[in-house]
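Based on the provided sequences and hints, a complete structural model is requested.
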Amino acid sequence: MKKLILAVTALVVVTAFGCQNSNGQNNAKRLSKPAAEWKKVLNANAYHIMVESGTEAPYQNAYYNNHEKGVYVSAATGDVLFSSEDKYDSGTGWPSFVKPVDMKKIKIVTDNSYGETRNEVIERSTGLHLGHVFDDGPADRGGKRYCMNSGALKFIKK
Numbered sequence: 587m588k589k590l591i592l593a594v595t596a597l598v599v600v601t602a603f604g605c606q607n608s609n610g611q612n613n614a615k616r617l618s619k620p621a622a623e624w625k626k627v628l629n630a631n632a633y634h635i636m637v638e639s640g641t642e643a644p645y646q647n648a649y650y651n652n653h654e655k656g657v658y659v660s661a662a663t664g665d666v667l668f669s670s671e672d673k674y675d676s677g678t679g680w681p682s683f684v685k686p687v688d689m690k691k692i693k694i695v696t697d698n699s700y701g702e703t704r705n706e707v708i709e710r711s712t713g714l715h716l717g718h719v720f721d722d723g724p725a726d727r728g729g730k731r732y733c734m735n736s737g738a739l740k741f742i743k744k
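Going by our numbering, the first residue of the sequence shown is number 587, and it counts up by one from there.
Nothing false has been slipped in among the hints.
Straight-line distance between alpha carbons at most 20 Å, and here's what the computed EDC-like set of lysine to aspartate or glutamate pairs gives:
#	residue 1	residue 2
1	Lys691	Asp665
2	Lys685	Asp726
3	Lys740	Asp672
4	Lys730	Asp697
5	Lys690	Asp672
6	Lys744	Asp672
7	Lys730	Asp675
8	Lys744	Glu671
9	Lys626	Asp665
10	Lys743	Asp665
11	Lys744	Asp665
12	Lys730	Glu702
13	Lys655	Asp675
14	Lys685	Asp665
Hints in this document: simulated from the structure, not taken from any laboratory.
Structure below.
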């Protein structure tokens, strides 16, 4: 009986302290500056997406249906991340790209939130969340789908 109580207690402790936040990610250890500093720089939507690793609603965001020529820059830094030349309609309701402009500007990390494992795309210089990358993109263009949140980006028209 004592072993059972000890095992349950250990499980409770691991469960209570094993998760850093409600979505299974630990942003505090990877952000380039404290969340409070980002709150001063980003609007509420960008903060939710980029700092809290939130996701905006499909089909109800600024760029999923944008077909203009230009570049997509980070809402936090202004660094160019994606180009309209690499954007395509994935049918998912989020802006999707076959590749970033420069792989050195992003980093792919494991995201174990919501009971599944995905490949999260973060801005390398800041550690801020941008979206996820999947292997179901157009095969003739590399097979990747960089599914980004509009709120993490700003569009600059050419």
